[in-house]
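Using the sequences plus the hints, can you model the full thing?
Respectively, the protein sequence lines represent chains B and X. Everything in the first sequence is counted per our numbering, starting at 1 for the first residue and increasing by one. Everything in the second sequence is counted per our numbering, starting at 1 for the first residue and increasing by one.
There's no promise every hint is true.
Covered by chain B, per the in silico footprint, the following chain X stretches (three or more residues, Cβ under 8 Å) [unchecked claim]:
| no. | stretch |
| --- | --- |
| 1 | 44–56 |
| 2 | 100–107 |
Residues from chain B that face chain X, not an exhaustive set, calculated with beta carbons under 8 Å [claimed, not checked]:
| no. | residue |
| --- | --- |
| 3 | 100 |
| 4 | 103 |
| 5 | 105 |
| 6 | 109 |
Restraint ranges, calculated between C-beta atoms of paired labels, are given here [what the hints assert, rightly or not]:
| no. | chain 1 | residue 1 | chain 2 | residue 2 | range |
| --- | --- | --- | --- | --- | --- |
| 7 | X | 74 | B | 46 | 17 to 25 Å |
| 8 | B | 5 | X | 58 | 21 to 29 Å |
| 9 | B | 19 | X | 64 | 35 to 43 Å |
| 10 | X | 76 | B | 18 | 38 to 46 Å |
| 11 | B | 111 | X | 73 | 15 to 23 Å |
| 12 | X | 74 | B | 39 | 41 to 49 Å |
| 13 | X | 5 | B | 112 | 30 to 38 Å |
Read the hints as simulated data drawn from the structure, not as lab findings. No residue lacks a Cβ here, since even glycine has one placed at the ideal position from N, Cα and C.
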Amino acid sequence: KQEVTQIPAALSVPEGENLVLNCSFTDSAIYNLQWFRQDPGKGLTSLLLIQSSQREQTSGRLNASLDKSSGRSTLYIAASQPGDSATYLCAVNELGAQKLVFGQGTRLTINP
Amino acid sequence: EAGVVQSPRYKIIEKKQPVAFWCNPISGHNTLYWYLQNLGQGPELLIRYENEEAVDDSQLPKDRFSAERLKGVDSTLKIQPAELGDSAVYLCASSRTVNEQFFGPGTRLTVL
Chain B
1 KQEVTQIPAA LSVPEGENLV LNCSFTDSAI YNLQWFRQDP GKGLTSLLLI QSSQREQTSG
61 RLNASLDKSS GRSTLYIAAS QPGDSATYLC AVNELGAQKL VFGQGTRLTI NP
Chain X
1 EAGVVQSPRY KIIEKKQPVA FWCNPISGHN TLYWYLQNLG QGPELLIRYE NEEAVDDSQL
61 PKDRFSAERL KGVDSTLKIQ PAELGDSAVY LCASSRTVNE QFFGPGTRLT VL
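Structure follows, in structure tokens:
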């Protein structure tokens with residue numbers, strides 16, 4: 001059974017810092033991996049999608065990497081801003097199952 | 001392009017009462033998903049539809065939960081009777097392919 005773990009569960013940093021969120025998964029048989037952002041009381045917003053054949057994807061200040069063989073992904077946020085405060089969720093799309101298996105999320109707080 | 005629409009956004013009911021949630025996916029998306037998100041956790045898949053066929057309902061508690069997608073577009077998720085432990089956010093998502101899933105804002109259910 002696929003299990004996804006995100007570390008840390010919560011992170012608080014001052015504005016302007018670069019930071020890394022970690023995600024690990026137990027089964028490397030995946031279509032792709034997605035990083036989502038969730039604001040309190042809101043739905044999920046897709047940030048980046050990495051196909052299983054790719055190593056990384058970038059969007060603005062965000063960069064996500066994927067090492068499928070070791071079952072790890074990282075989300076790098078450059079020059080963090082208070083507006084980046086949210087919960088970040090990692091999810092893998094299981095090969096053959098077409099369902100997302102989520103981690104429990106990292107709650108990020110950027111302090112002005 | 002309109003996103004995934006869900007209603008109601010919030011629902012408060014007494015235990016043992018029935019409740020229903022509605023989802024309208026993005027136009028042209030043949031795959032529709034219902035996820036359950038408990039507080040502080042990542043979403044978990046309840047059921048996946050390909051057009052009007054439920055192709056994965058293995059995680060749906062069939063004693064009290066039911067779902068339908070009669071014309072392969074809108075979908076309804078029902079709970080009857082609701083229990084205290086059903087308090088959670090119910091998320092609907094849709095996709096055109098096996099790739100990116102797009103999520104609605106969710107319905108926050110409180111069972112008293």
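Structure-based check of each hint:
no., hint, in the structure
1, 44–56, "holds (count 4)"
2, 100–107, "holds (count 7)"
3, 100, "holds (6 Å)"
4, 103, "holds (5 Å)"
5, 105, "holds (6 Å)"
6, 109, "violated (15 Å)"
7, X/74 x B/46: 17 to 25 Å, "holds (22 Å)"
8, B/5 x X/58: 21 to 29 Å, "holds (22 Å)"
9, B/19 x X/64: 35 to 43 Å, "holds (42 Å)"
10, X/76 x B/18: 38 to 46 Å, "holds (45 Å)"
11, B/111 x X/73: 15 to 23 Å, "violated (45 Å)"
12, X/74 x B/39: 41 to 49 Å, "violated (26 Å)"
13, X/5 x B/112: 30 to 38 Å, "holds (35 Å)"
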